[in-house]
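*Asks:* Chains as they are written, first to last, in the working numbering: chain R, 1 to 163; chain P, 1 to 161.
Source of the hints: derived by calculation from the structure; they are not laboratory data.
Where a beta carbon is used, it is the ideal one built from N, C-alpha and C, also for glycine.
Warning: the hint list may mix true and false statements.
Okay, the calculated bits of chain P under chain R, using three or more residues with CB under 8 angstroms as the criterion [unchecked claim]:
hint : segment
1    : 34-41
2    : 54-63
Label-pair restraints from in silico Cβ distances [what the hints assert, rightly or not]:
hint : chain 1 : residue 1 : chain 2 : residue 2 : range
3    : R       : 118       : P       : 104       : 39 to 45 angstroms
4    : R       : 6         : P       : 55        : 32 to 38 angstroms
5    : P       : 52        : R       : 118       : 27 to 33 angstroms
As a list, the in silico SDA-like pairs of lysine to any residue whose alpha-carbon atoms are at most 25 angstroms apart [as the list claims (entries may be wrong)]:
hint : chain 1 : residue 1 : chain 2 : residue 2
6    : P       : 66        : R       : 11
7    : R       : 90        : R       : 11
8    : P       : 66        : R       : 125
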Amino acid sequence: MAIQETLTWLQDLPLPTQIRESDWMFPTIETVHVFALVLVVGSIITVDLRLLGLTNRDRPFSQLAGEMLPWTWSAFSVAAIAGALMFSSKALTYFANIPFRLKMLCLLLAGMNMLWFHWIGTRHLATWDAATPPPRARFAGAASLLLWSSIVAAGRWIGFTTN
Amino acid sequence: MIEQFCDWLVGTPLSLAFQSADWFVPLVQTVHIIAIAILLVAVYVISFRLVGLTHGPQPLATTMKKSTPWIWTMLCVLLTTGILLTITEPARELLNWAFRLKMLMVLALAGIIALIQWRLRRNPDYWTESAARRIAGRVVGLLVLIIGACIVTAGRWIAYV
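With the sequences and hints as input, model every part of the structure.
*Replies:* Structure representation (structure tokens):
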């Protein structure tokens, strides 16, 4: 009950109300969200494919990851802000939406996978930085590919179940 | 003319089969978005270099050579998934000005990428050889950045106009 009340309070705030009632605000924020998400997913896939040993095999992993991470984090910040604004405009609808919940779950799992890779997967990085990554790193790459593809799929699915 | 074509296409057995599967459009759109994600990051890495915002560890020609198969493969995936979506909902796409604008910009983007590739293949230092070429490279890189963003924008607005 407390959650429902909080969500109702959130979506009745002036900005969420304005987003919901405007003809152009929601599509514009959604466009920013999609554009940022496209850059997040594209940069992460580039790193994942290197982890799987499918691309950029002649480049050290750390070099490629160093080149891509600024893209990932800056685009993710934009996607998160735009996503939060979209959520706030129809908080009750999104909260009850199964694909939205799945998207959040996959996002959480992708974050945990990234943390696991950062702490455990990159152990002895120097020994494989310029070579084929070990199984644990390849596993992290495959899991990330699967989770981010699921995030895109769930995100698209939301559009078909909330209108 | 286009309206008649849409009326015919939407009633074909293939279109009807796609329409009857609830999962078809979301699935194809997901593949479409992942393909544009890979394409856009590949071309943005190159355009950032051309604009002078980043300085990669490899020569630009090497980066372009590695990205080439991905760029053109993803363009093919985008074309294929785009055709599937158009077969499913012809009027939504073909009668929509945002869709038409998107197609024009995709063609422009493909042309500019081909130009950058062609110049780099003939001369790896083409875009840095002189001050004038560096300026031209910045203009071309900026165009790619803007057109890429506009393609995504037009793609999303197909649903709203």
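*Asks:* For each hint given before, does the structure comply? Return the numbers of the non-compliant ones in rising order.
*Replies:* Hint check: 4 and 6 fail, others pass.
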